[in-house]
Amino acid sequence: MVNIENTPSPSDNTHPMLHPILQTYPSQQHRHDELMQPTGTPRLHWQALIETLEELSPEQMCQRVEAIRHQVRENGVTYNVYADTKGLQRPWGLDILPFILPQEEWQTIESAVIQRATLMNAILNDIYGPQQLMQDGLLPPALVHGHAGFLRPCHGIRLPDDYALHMYAVDMARSPDGQWWVVGDRTQAPSGAGYALENRVIISSAFPELFRDLNVQRLGGFFSSMRDSLAYWGHQVATNQSANNPQINPLGDGEHPLIVLLTPGPYNETYHEQSYLAGYLGFPLVQGSDLTVRNGIVWMKTLSGLRPVHAILRRLDDDFCDPLELNPDSLLGVPGLNDAARRGNVLIANSLGSNLLQTGALLGFLPNLCQHLLGQSLLMPSVATWWCGEPQALETVISNLENLVIKPAFPQIREVPIFGDDLSPTQRAELEQKLRNNPQNYVAQEQVEISQAPVWSDSEPASLKASAIGLRVYACATPQGYVVMPGGLTRVGSTQDERVLSMQRGGTSKDTWIISPADNDYRSLLRKSTSSQDLIHSNIHLSSRMVENLFWFGRYSVRNHHYTRLLRTAIRRLLEFSSTQRSTEWPTIQALCTWYGLMAMEKPEDHQDAPELNDESIEALLISGIFSIDQGQPSLANHMQQFFTLAFNLRERLSSDNWRSINQMVKRFGLALPSPTLADAILLLDETSTSLVTLAGFALDGMTRDQGWRFLSIGRRIERLQLLCTLLRNALIMPPESNLEWLLELCDSIVTYRSRYAAQAEWLPALDLLLLDENNPNSMTFQLKGLIKYLSQISTTYGSGGEGPFIEQLSTLRTLDPDTHLSPGNSELIAWLNNTFEASVTLSDALSHRFFSYSGTLQEHLQKTNIQQEPLHF
Amino acid sequence: MRFQVSHITHYQYDFNVTLSQQLLHLTPRSFIFQQCQSHQLMIDPLPEERQQNQDYFGNITDYFSIQTPHQELKVSSYTEVELLPRLTLDTMQHSRPWESVRDELKLEYAKNAEAHAYLFPSPHVACSDALAAYAKQSFTPGQQLIPAAFDLTQRIFNEFEFDPNATDVGTPLSQVLANKRGVCQDFAHLMIGCLRSIGLACRYISGYILTKPPEGEPKLIGSDASHAWVSIYSPIYGWVDFDPTNNCLVQHEHITVAWGRDFSDVSPIRGVVLGGGAHSLDVSVAVEPKA
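Chains as they are written, first to last, in the numbering used here: chain A, 1 to 874; chain B, 875 to 1165.
Looking at chain B on its own, in the form it has when it is part of the complex (with noise of 0.2 Å):
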């Protein structure tokens, strides 16, 4: 299935910015189930400096100052992709007792190496008790990790409510958790949360979702926005996506841009401006199915 996808983001300052220094995670990364096949970033005002990297995670990352004063910024990425088949849950029957991979990634690390850097607390996820007691009502002892992820990936769709005004990007899990409302971010984050505080790794995936759901299916949370959804690592089956917002197995709707192991590592826009006193944003996206 090939997409396109449009996601502009506007930033409007009440005085001018006379330094502009923005870090972006939009240029989506291509792997196993994804092909990025073009990508266009255009920026307004056009910036003096622009320079891409790679960052730890493996990500693409563009940097750009403005040193010119300016009152507004507008960052328009432009991407067409083509998602390749996933592995469904009917062909994920054999996976391990959830315990068995958390005693094997504690054990070996040679054989884990690149999940080991998902397995511990990050900036926006603390692990606790009340998380990991939360994820052993899905981790039953002896229950297969695939099975035991989809269940608790379908308890916080059940148990949440999806609420744009509960929290911010401040808010502390411990918080989310109590109150059960939050946004995409925030129940990849507890999710992340819950399975790291069992000692499984999880991976925080920021990217998009189809705006337009096909015929007689309900239109899909978070399509207006960037959306982000969780990564389980399988030693059988490497990194298996669920979304909790969604209540779903990611098959061929969900559009990869970064991933790493929070919110704090895969910011679509990070920066620092001098300057501009009080500022507005404004985000929208729209993700097509492409012949």
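Same shape as in the complex, but just chain A (with noise of 0.2 Å):
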């Protein structure tokens, strides 16, 4: 084999002529360069990938850039962020390029993070244990009593295994002479590992033969490592509360613990990871209302009732976690928790009081610490850090500041780092005292020229281009020790600034490839097979929140898709019929608008009385009714934005093709033009109602049939029984001489009675139809039956889920007789129909409540849960 590094290089650094792709890409003197060799040849273990690229045409690459865009927007992969007016969610930024490190280099990562996660969690033992560190002068007092992140609730707390770190992460850079440091810690929540995943999954699909060739290291063994670990210690877990309390009994053969991820809910930064994570790993994804305690366990609310939780991975902040014990200003906690941490109840991964870690100020002590605790000098060294605190310290920072980032030391202290060299004599005198009057409050941490590595440019000419990068690598605890995940996130500097790295600034991010020679996939040390038991499991605990947004979800796209065509309707009536020849249903569809509020004026009080409006009126309103986002307009694009936040809820209960349906169906009301036009109105609705139809599709064939389905089935089989009663009460009431092709076609039937009855339509065959005719998916009739059958499947996990009053109205309509009932004006059906729609609603209500109530949104949530007034001390 040619030893690459040892190649004489010749004359010319860029090498135009060996590969015409390395002409564009910019070395630079002072920093590390991932890809180049200081000789200007590429380094070993990126030749492949330069082959690759050099037989890609612009076009394909183009292509696969685009692929790629097109899959992080239609997988939803999104990072909220808060301060962004644009909305809740940006798209993940991925570059197509993977940050390739060879097996050898990658050995020392591992053995680094390995020891670094060790040390951490011996010294978070130390401090809510027994504090010697203190004692013996390893540990300035100030770093863990000055420290909001301290929580002293949780000292004394036992763990499994005394590990309360099982999820680490270090964040590391390359300084010019090829070292690695790390920056930071995060001990915390870890993000990102779901979204090195999805990288992954994007990336590997980009390069597929590359990546196969390569023998990239797979990323799934750390996962199912993760998982077996909780579920070893849920298991343990289970042995205690089933010891303590008769009511539980012991997990039975095969039967798994129940492990939740807890979420601080939609809006948190990294939702969707969290959501994709607990797909991923089989865990319900559950919010702090979806939990309670009791008699110091922790219960999940699940439609079938309380069951109890053995393991929590949870990404909310730990003072958040229960507003007894801890933030009592926490709305997103489960009171109580920590004391069933306390009593063994529960493991908490990663331990609660685990953030005190997480901080510049402790770097300085951790060779120290490291000699001390574990006995060995530190593996990879940390960025100079030094912590104002101390004196001597002090001096040499604000002598220094130009060479500087100051950062603060505590979580609570909510500043932005700043660079010495960026400010004025005046400034520099500011940050000066600001750093005397509160040392302890800040840490300096040396500047690093960190490496760069190429990124893919695809604006014109689509060319190679070099970027600063950072990589953060994970850990996570076994009963064995800490194993880390081979790859990792690489994080990209942001063009405004490439000292930072942040991915909540507009950085982007790189899958991350460590390849070995051979195969050597990676697997759980603990389990080596995947056993049936594992395929059911994750299916049984349906929170009752996901339950509830299930039914939701079904009602509103049926209402969606009833708006749409209604909308559509009325928007053909005007274009293709003058106002004289719509004009004995044109009162009943604009009712029905206004009724909805699709049209935003005053609801006449009885349809007939409805206001005279000319066209150009009733247009306006029509559009307004599509596309406005005013806030408070019931308009079809307040809806869809509505139904999005709903689905939005349920991400990980839906397929990505479900997903991206929605995604895009919701993404073609934003891009409406500032004055769309009638045909633009058309245009989108066809659209919506085609990916309506799409969504009821996945409903009926993509979705698996278990009790949220069902629920979610109820929901639609509700809502249009609801609108089959409004639209037909409203309908029957219309001169009999109408025409009632419309009422078809809003109804979907239109090609169905257009087959049976080559004829006009007339009363008696389409209120067959659309009553009485069980063939018919939008038949009343059709409705009763599925709703009764649901119901009834319900009632046999539940009791009685209330079918009743439906038998007897199926029956009762039965009973009608056609020529005299199946008319219009008749005030039997009319009657029939308001006994239907009351029984509905009702049967909503009890829904909600027996099944739903004990738990529900964040706003439900602020208005049962109360944190009580404490008495003050007077």
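None of the hints are false.
Dumping the calculated DSSO-like pairs for lysine-lysine here, alpha-carbon to alpha-carbon at most 30 Å:
#: 1; chain 1: A; residue 1: 434; chain 2: A; residue 2: 407
#: 2; chain 1: B; residue 1: 1086; chain 2: B; residue 2: 948
#: 3; chain 1: B; residue 1: 980; chain 2: A; residue 2: 434
#: 4; chain 1: B; residue 1: 980; chain 2: A; residue 2: 407
#: 5; chain 1: B; residue 1: 1054; chain 2: A; residue 2: 434
#: 6; chain 1: A; residue 1: 434; chain 2: B; residue 2: 1010
To be clear, the hints were calculated from the coordinates, so they are not data collected in a lab.
Make one complex out of these two single chains by using the hints.
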């Protein structure tokens, strides 16, 4: 094999002949280049990628980049930016080129990360236990007692196998001499492992052959280790629970402990990642309100009642986890959670209080702590960091400000890093004063020229560019020690300020490839293969909140579909017929649009008295009813936005196809032109209708028939039942000679009608098709039969589902005499419609009360849960 | 001296509470100046679950949960304590200059480990230059720790007005310092903030004071409710208590329940309820000497 390192370098450093693609790649003397050697040739482990890139034409490359962008958008990979005025979400930034590291180099990183995780865990155990390190002068007391992250109620809690830190991440960067340095530690609830996984799925499919040929280490094993380890400790918790609580049975053979992923909710910046991870790991994604503590045990509120939880992988900040013992202002937490942990009735990963070590102030003390606690030298140095709380350090910092970055030492101090070399003399003097006033609140870190790696720039002409990069590496605890994810999240500096690697501030990311000479697949240490029980386990713990969301998802999708058709029907009438031609049915259509708020005008008392509007004002009203995004107007665009929020809350239950469809549909409303025409409206309504048909198809074909699906289906049936009742009640009082085609169109039954009766629509056959025909999926009978079926299925599991009134309504409907009752203005039929409507409203409320009400949205939670007033001291 | 205390807290809710979880700091602790002889906690309605623990500061906590619907909650705490003699100002003549105490706290952890938990800012006590400046009018260069602390106690008593309507639990210290009004809780937090801002250790004490004063003496402020004062760490004399609301060194009229960094560590009743709507709160305290 040719050793590239020793190949004599040709005279020209850029090698245009050898690698034309490298011509545009800028080399910089003052930083380490991941791709190029100082000799000007690419490093060995990048060769294959460069060759692949050269084989691709600019068009092909462009296609792949576009495919990635497409996949990110369509998978809905997002990163929420709190301050982003454009809305909640920003697509995840992902460069097409992976960051590549060879196996030999990776091994040194891996052992350093394992050592560091072990060290961090040992420090946490000391602080939340005997506190000997402060006694021995190895840890300044201010870093413990002065740190808002030191949670005193968590002191003294015994942890299984002495693990406080189950998930750990470390941010690293490489200096000009090629050495890796630690920039910071993530000990609270490290984010990004899920994004790393998604990056991998996307990038490995952009370069499938290369990925295979390079023997890139797989990530799956790491996540299995994590799941298996949590399950292992979850079993211990289960044993403890059943030993101390007669009402809890031990886990049966092959029964899995219940592990949940606790999220702060959809507004968190990394919510997408959390839902992705939850889905991947098979853990229910829960919010604080999905859990409750009774008798020292954490329970999950599920459709089938309360179920004991054994382990919690948390993404909620530790002080927010328990308003009773920790931050009393938290509405996201679970009152009593810390006590459950104290009693050994739940494993929390990471343990509450672990945020304490997420401080730069600790870095300078680590070499001694490592020596003292592990008897080893620290394998990977931290970037030189001074905690200003030490008088000597403060003086060093102040005399070297121009080379340093000043950062807050504690999370409670919310200030952005200050780069010393950016400062004017006045600003510098101000900073010095600030440091002298509160030295313990700041750390100063040396500015490192971090390494650069190739990124693909597709601005014309598309070419290879260089960007600063940093690497976040993940470790997780197993009963046998820490294991490291063979890969990680490579973060790429933003263009504005490449000293800052922050996804929050516009940076992007890369997949990280550890390439090895031989196939040494990384596998779980605990479990060798998947057993059949693993396959069934995730669906039995449906949270009440999730089921409620599914129910409303069903209702809103049908409702929006109906609104879409109604608006389209109205616009078509408007375009195709003159006002006299459409005179008989138009008042009813207008009344329905007005009733549903789709035409924003005063609701007439009775549709007969609807105000006479000219076509222009009707057109304007309809356009606004579709496109308006004014708050409070029940326009279709706003309904879609609500629907999207609901779907967003169900993200982990929806397949990517399903999600893509919703994403596309809602996005089209956002892309509307400033002053849309009726033609634009028709186009949008057609596309929307198609998407909603697709969605209904997913609901029918693409979802597992579990209880959640049943509630979704019940939601769909209830909604259609109500819409049909309202529609027919209005239609039945039209003049008898009215045109009925619009009615059939609106109920998606026109094709069936025409295939049966090749004539102008008439009342009897039309009403028969809409009411009695059991084969028409849009008929009343079809809704009732479905509803009865799903409700009785629920009855078998949970006791009566409330199908009784619908059985009755169905049999009444069947006794109606077509010749007398199925005619316009028939009062018995109208009465039947009214009763059916009422019964469906009652059912909806009853289901809410029975299955959903002990949880709910944050808004409801705010109203329900009270942090009570505390008596003051006088 | 022996005392008996009754402390009754009564919540009334507009609607049913379906789940109530409460954490109490109501059981008085025993220590060198106090022996808690008996304590009884009565909770109405009867909780489904009760548990006693000790917190990080060594206080006794009681936890309970009520899982049946209720519209009223009454927590009654009955205590008998014996107070043991404390040092008087006269007996504490040999305290050191405050700067030497400050420096020792900074440099020698092992000698004064216990004090470090009370040396830094805490949720209700933010340190500031303004507080340090206010403290330094009493803590003049070379001044002894105990006399300086007593001087600060007197200044707070004289310069601040007791006003139950001026503040609530969230009022920041900067505002208390600016408006010079508040209740015992504010004065205690203020004094703690002053001391921590100049590098001294100080803790918050929650407790009670005698309801009926001895004949010929005025009724003490804060006697109808639970009270709060401060305790200063002296390497020589240990923890020395001052009551800025009543302008005194604590002697034999203060009954200690619990201590912590500030109110948030020792709130008498802290809880989360599900349901309930709005609520009203009524607290009554009676402290009487016992033969």
